[in-house]
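Produce the entire structure from the sequences given, and follow the hints as far as they go.
Top line first, the protein sequences correspond to chains A and B. The opening position of the first sequence corresponds to residue 46 in this note's numbering, with each subsequent residue numbered one higher. The opening position of the second sequence corresponds to residue 46 in this note's numbering, with each subsequent residue numbered one higher.
It is worth saying that the hints were derived from the structure and are not from the lab. Please note that a few of the clues may not be correct.
Because identical chains share one entry, a pair is satisfied inside a single copy or across any pair of copies.
Claimed, not checked - With a straight-line Cα cutoff of 25 Å, these simulated SDA-like cross-link-like pairs (lysine to any residue) come out:
{"#": "1", "residue 1": "360", "residue 2": "222"}
{"#": "2", "residue 1": "407", "residue 2": "157"}
{"#": "3", "residue 1": "356", "residue 2": "119"}
{"#": "4", "residue 1": "360", "residue 2": "123"}
{"#": "5", "residue 1": "356", "residue 2": "111"}
2 protein chains.
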Amino acid sequence: MTSTPTPNQPHRKRPTQRDLDPHLHRYAQRTAGMTASEIRALFAVASRPEVVSLAGGMPYLPALPLDSLADELAQMVATEGMTALQYGSAQGTAELRERICEVMAMEGIRAHADDVTVTVGSQMALDMVTRIFCDPGDVVLAEAPSYVGALTTFASYQAQVVQVPMDDDGLIPDELDAALCSLRAQGRTAKFLYTIPNFHNPAGVTMAVPRRAEVLRLCAEYQVLIVEDNPYGLLGFDGQTYPAMRAADPDNVVYLGSFSKTFAPGLRVGWALAPHAVREKLVLAAESATLCPPTFTQFVVARYLAAHDWKGQIKTYQEAYRIRRDAMLEALAHHLPPGCRWTRPAGGFYVWLTVPEGLDTKAMLPRAVTQRVAYVPGTAFYAESDRSAAARLMRLSFCYPTPERITEGVRRLATVLDNELELQRTFGSLRPRTVFGPQSPSPDTA
Amino acid sequence: MTSTPTPNQPHRKRPTQRDLDPHLHRYAQRTAGMTASEIRALFAVASRPEVVSLAGGMPYLPALPLDSLADELAQMVATEGMTALQYGSAQGTAELRERICEVMAMEGIRAHADDVTVTVGSQMALDMVTRIFCDPGDVVLAEAPSYVGALTTFASYQAQVVQVPMDDDGLIPDELDAALCSLRAQGRTAKFLYTIPNFHNPAGVTMAVPRRAEVLRLCAEYQVLIVEDNPYGLLGFDGQTYPAMRAADPDNVVYLGSFSKTFAPGLRVGWALAPHAVREKLVLAAESATLCPPTFTQFVVARYLAAHDWKGQIKTYQEAYRIRRDAMLEALAHHLPPGCRWTRPAGGFYVWLTVPEGLDTKAMLPRAVTQRVAYVPGTAFYAESDRSAAARLMRLSFCYPTPERITEGVRRLATVLDNELELQRTFGSLRPRTVFGPQSPSPDTA
Chain A
46 MTSTPTPNQP HRKRPTQRDL DPHLHRYAQR TAGMTASEIR ALFAVASRPE
96 VVSLAGGMPY LPALPLDSLA DELAQMVATE GMTALQYGSA QGTAELRERI
146 CEVMAMEGIR AHADDVTVTV GSQMALDMVT RIFCDPGDVV LAEAPSYVGA
196 LTTFASYQAQ VVQVPMDDDG LIPDELDAAL CSLRAQGRTA KFLYTIPNFH
246 NPAGVTMAVP RRAEVLRLCA EYQVLIVEDN PYGLLGFDGQ TYPAMRAADP
296 DNVVYLGSFS KTFAPGLRVG WALAPHAVRE KLVLAAESAT LCPPTFTQFV
346 VARYLAAHDW KGQIKTYQEA YRIRRDAMLE ALAHHLPPGC RWTRPAGGFY
396 VWLTVPEGLD TKAMLPRAVT QRVAYVPGTA FYAESDRSAA ARLMRLSFCY
446 PTPERITEGV RRLATVLDNE LELQRTFGSL RPRTVFGPQS PSPDTA
Chain B
46 MTSTPTPNQP HRKRPTQRDL DPHLHRYAQR TAGMTASEIR ALFAVASRPE
96 VVSLAGGMPY LPALPLDSLA DELAQMVATE GMTALQYGSA QGTAELRERI
146 CEVMAMEGIR AHADDVTVTV GSQMALDMVT RIFCDPGDVV LAEAPSYVGA
196 LTTFASYQAQ VVQVPMDDDG LIPDELDAAL CSLRAQGRTA KFLYTIPNFH
246 NPAGVTMAVP RRAEVLRLCA EYQVLIVEDN PYGLLGFDGQ TYPAMRAADP
296 DNVVYLGSFS KTFAPGLRVG WALAPHAVRE KLVLAAESAT LCPPTFTQFV
346 VARYLAAHDW KGQIKTYQEA YRIRRDAMLE ALAHHLPPGC RWTRPAGGFY
396 VWLTVPEGLD TKAMLPRAVT QRVAYVPGTA FYAESDRSAA ARLMRLSFCY
446 PTPERITEGV RRLATVLDNE LELQRTFGSL RPRTVFGPQS PSPDTA
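Dropping the structure here:
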């Protein structure tokens, strides 16, 4: 006889996974690669006002002219609302695609609006590119470290990511050559190289111009497509830009761009510029994903580009971020304990910090949040197999807080590091010694 | 010795597929299922002013109060712009998710905002649901016919679609039982049943209420999830609504909703309401697809729902579409030749027309466009294997044109049909006799 549970004495049994999720047996295999990313957990942390978040990549929007934006938007709705609120084409509006070509011209790209596909942020462009190129098990090359959102997307398509080391001049061509050669020796090839040449997320470095030619040459030689992700390219702190890789090789580069950092991310307007045949596939993939990108936000961006001094706004952003970068570098030099090193970004949002031997940035994060400072541990930026390399690394963002808050945040971080080092001196490190850079994919270069 | 081409006498060779697309060898296998949909081709046709388009599913937006929308938007940008233009959560804003629960309550759904995921139109919700559930080769059940955008999405995930016949009361439970039984006999199961219970696209029919219980019972019995797509549910022409299937079985139904038809499609705001564990997977999938849905359009919709008489606006839409439906039904009865039959929708956007034996709506379309009328051939609404069933079918939309234009469009369509029948009488039909309804997936019911 089984006992009947009563409201006061419920029959308790340990819940099984199946109890927690009765749909567990139904999921596609790709969901195994879908795990809660560090980005998402940190959105929550970053929103607590007492925490100085050096974690998120949120742009500094107070630089935007909200009042004139409001006026223009009202005018747009009143005069063009019927079109702006209606379905549009899967590829995006012709007017916005024309204007996107003007933006890309600033980095030397000559392109036709026909080859541009508007997407819901460049994240969707990345998703679409992976969708049309990657079968499960296919190899994607990426920098080590690489953008966490890209790694998540590649994982959701069950692609295998092989990460290639960088230094202060970006991706190292010899390492790329070795990775390509090693794949070839295994009878495999990569579907594409995913690279962020300018003001890298998270590394903060920029690929040296001569290296771009080398990387283009290597990829052409090994017949590997390049996916050039360039959200930060116009945010050089001295107004400098670098020639887009797409400009040098239109047939072998898919270029991803975004208005998230040069205008506003809440609109989610990005794009892909692709060789013509690839663009056809991209549009079909995008149509099955969202039918069409939001017409409304495309009209907002197009009107902004037409009516505003958008190049002036970019200068305003550059200046805001330069001041923040300076505050961060000064605070790092002033407060951090010996044994730390960090990159010195010439643009973009991020500094990449290496902490002293024996520390573990992921294990340390809860203690840092207790000290009211947040960052992203290095592990987030490596594919699963390469995460052991990342224990001493972290990404610090200087894009969102005020310079004063950045200084205070770094001061708090220094206190956390000092405490960790003190613990280490007292009790010794429990963590095994780690190697900088990812594990090599090839047995012969391991 | 080979001849050298000169600028005046270029060496011509027939281009190979590889010449046309040097990336051809790189695409993922799923791109084989990505073909230009009839939707996309018809967006182009529909935009020519001399054509009466009975093809597109564009809502009748002149019913919207643009001036007050413009004012509210300006106020929203001026006061909440910093948040509305910033990144948001992958799940969508809490305020909008709360309001979505109020909308769903109109059809008997009691839901918590935690279980709602905002998406870029319900198309993205469909894409995400397919992403988390379908491995290549998995079976999805759908009505015959079914929404073309859903079939495209299922194809892009290499799912196999098995279509189940409908009649004037919607999906036929006995046919569903037969399909489920046949799959079981093959040792297979379906990942989910995709259904549009209300004012079906393209069939224009509504699933009878007693049938909903039967379909829910069958799916529970065979352990098949239901994906209930309900973009038109609030557009009953007499203000009538039907109980959502989700209301009766919260644990086995993923419900998809949209503001595209009750407000405006250019905002691309839709949602999925899912059992809690499924919702977690959906949010992870959505994060890798777009990082987050546009914050800006979510603020627009939330403010619209807060500040406008949105229920009154839905009544305005119902009335506009009722008048159009009446114009279409009257014109069909008045002009169409004998041998045609059509559904009589009680809501939504579409009439499903069967033309006389021997005619082929797809072959006829170019001649119809020449006569300045467009529709969607039935083939669009069947998975590849089932398309032979659709030759006599077409979808007619009454959502967008004025009643006068609808009448004129049907008159032109009648002329086209008369001409086709005349040709047929003169030369005989070249088309083999077709069977109404899809090919059965099972040998024993074929």
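Evaluation of the provided hints:
In the homo-oligomer, the alpha carbons of residue 360 and residue 222 never lie at most 25 Å apart, since the shortest distance is 37 Å inside one protomer and 64 Å across protomers. In this assembly of identical chains, residue 407 and residue 157 lie within 25 Å of each other by CA distance neither inside one copy nor across copies; the values are 45 Å within and 33 Å between. Within a single copy, residue 356 and residue 119 get their C-alpha atoms as close as 23 Å, and across copies as close as 23 Å, so both meet the 25 Å cut-off. Taking the shortest alpha-carbon separations for residue 360 and residue 123, only the inter-copy value of 22 Å comes in at or below 25 Å, while the best intra-copy value is 31 Å.
Proximity of residue 356 to residue 111 under the C-alpha cut-off of 25 Å is restricted to the intra-copy arrangement: shortest distance 16 Å within a copy versus 31 Å between copies.
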